[in-house]
Amino acid sequence: MRWLLLAVPSLLALAGPWFADDDTGRAAAFSTEGLLGTDFAGRDVWQQVLLGGQDLVLVAVLATAGAYALAVPWGLLAATARRRIADELLMRPLDLLLAVPSLLLLILLGTTRAGGVLVWAIILIHLPDIARVSRATALEAANGTVVEAMRLQGESRWRVTVDFVGRSVLRTLATDVGTRLTGTLYLVAAAAFLGVGVSPDTADWAVMIDRNRTGLFLNPWAVLAPALLIIMLTVGLNLAFDRALRTRER
Amino acid sequence: MSLTKYAARRLPLTLAQVVAVASAVFLLVELLPGDAAVVLAGDSPDPARVAQIRAELGLDRPLPERFGAWMGGLLQFDLGASIVSGRPVADIVLDALGPTALLAGLTLALLVPLAVVAGVRAALREGGLTDRTLTAAGVALYSIPEFALAIVLITVFSGYLGWLPATAIDGIGPAVLVLPLLVLLARPLCSIGRLVRAGMIEALAAGYTRHALRLGVPRWRVRYAHALPNALAPAVQQLARTTDWLLGGVVVVEAVFVIPGLGTVLVDAVADRDLPVIQGLAVLFATTTVLVNLAADLAAFRLAPRA
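Line by line, the protein sequences give chains A and B.
Whatever position you read off the first sequence (first residue = 1), add 49 for this note's numbering.
Whatever position you read off the second sequence (first residue = 1), add 147 for this note's numbering.
Read the hints as simulated data drawn from the structure, not as lab findings.
Being a predicted model, the structure only gives us computed values, none of them experimental.
Every residue gets a Cβ at the ideal spot worked out from N, C-alpha and C, and that includes glycine.
Don't take each hint at face value.
[Claimed, not checked] Here are the simulated distance ranges between beta carbons:
1. A:A118 x B:G215: 36 to 46 angstroms
2. B:G215 x A:A56: 52 to 62 angstroms
3. A:W207 x B:L329: 45 to 55 angstroms
4. B:G215 x A:L201: 54 to 64 angstroms
5. B:E349 x A:R295: 16 to 26 angstroms
6. A:R295 x B:R213: 52 to 62 angstroms
Isolated chain A, as found in the complex (with noise of 0.2 angstroms):
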């Protein structure tokens, strides 16, 4: 059941455009012919929809892999600093970035209309968390007896960070994988449903949302649909994440 949840929408945003047809006949505004009827400007609603789930899909996680990609190493760095000066330098400008409410530095940076900007503000949202965790998993691992031991034998500083406190954040970041994916599609779909950072025609299932929305008593599939596979998609990815860490527990 939660894997039907994940897969028909994943499948759709990924796999939708290969299947979508070239031809983008115009027909009446808003009718209720053909499988899903028509959108505000007489396009039909079905091919948006298939075409409408990758960027979605692909934004998010790309920015969730690029803010790990980031928040991981200035987390490291911060925890293995040997002056406590570096570290503080590296931890208090991100206090301020929690500040900021996130969809406001969404809104901010979205207006740049700078390609990849979406991705840039999103992993600038969770930039402080991770950093956050990271470092406090990591200094737990990197006060333990382990890493003396291994200093004493005279293993290399990168093998001691990477190798073997880099693991042990790993093991604890995983756990949070999920919440943040799911947070990430949150973010990127609210963004287009306001329209930062996309135009306001591309098929988008949040911008379908919000362009169809005046015709919702007309034809409410072409403003239904993309809401069920939205909600389809985070819904099924946090029931699978959080099975997937329930098993793990046991």
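Position chain B against the provided structure of chain A, taking the given hints into account.
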């Protein structure tokens, strides 16, 4: 450490945070390409006219000078005037504050008691109906974006059933607020309810509660005077994180239900490159977040003084 001492230690940090965030917002907005002079000049901007508007607005002055002027104004609660409409930003914010404060206030007023009651009930009977509902709903509702949930609710309750209005275009009444509040409550209710539940289960199993029971302290006193405050501390801190969601959620919910609040002002201002309005709102939002975090830390400290 006493509460006053703890507060005195936290206050300078909080002030520094507000100032730093305000500066960061100013710089960030400065970095936005495109400026208001071009927007104001109309559809086919003529370079001379754009330059003239820029001079009138003071946009041609060097960055440090404008930053100094803006910070100086901020200290006297003067946020400047909107570039597009010419109205003082403070007035615009005050006008839009009402609906947003109403939404956020009602959400918080409903959220706290509901989350505590649900969490405590679930904890007192683990595996019971409340517990199972809270856990299942928690995992599912936690991740749904507000706008998607809102659209589905509107389709059902305004479209098919016709019970509730779909937007606030005809003014804000009790019926209009039902759907926005449901949407805003869904996410935080689950997360905070689950935290209260977890904290309560832990507190009820702890040595001090069992000891108190053995001493003959009444059960209700052990539950609500000893276990509950300890269980609430982590939930209060999560509540502070929730204001971040709430601000974001309010922006989205205002957009969906066409409510003329701060979120709508923000989205419009960004579309018009109305820098003073964006800056004013950003400072207001950031200050609120910082202050709420401070309040939450103080409340958590009062409930369970530890460090």
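- Query: What are the numbers of the hints the structure violates, in ascending order?
  - Reply: As far as the earlier hints go, not one is violated by this structure.
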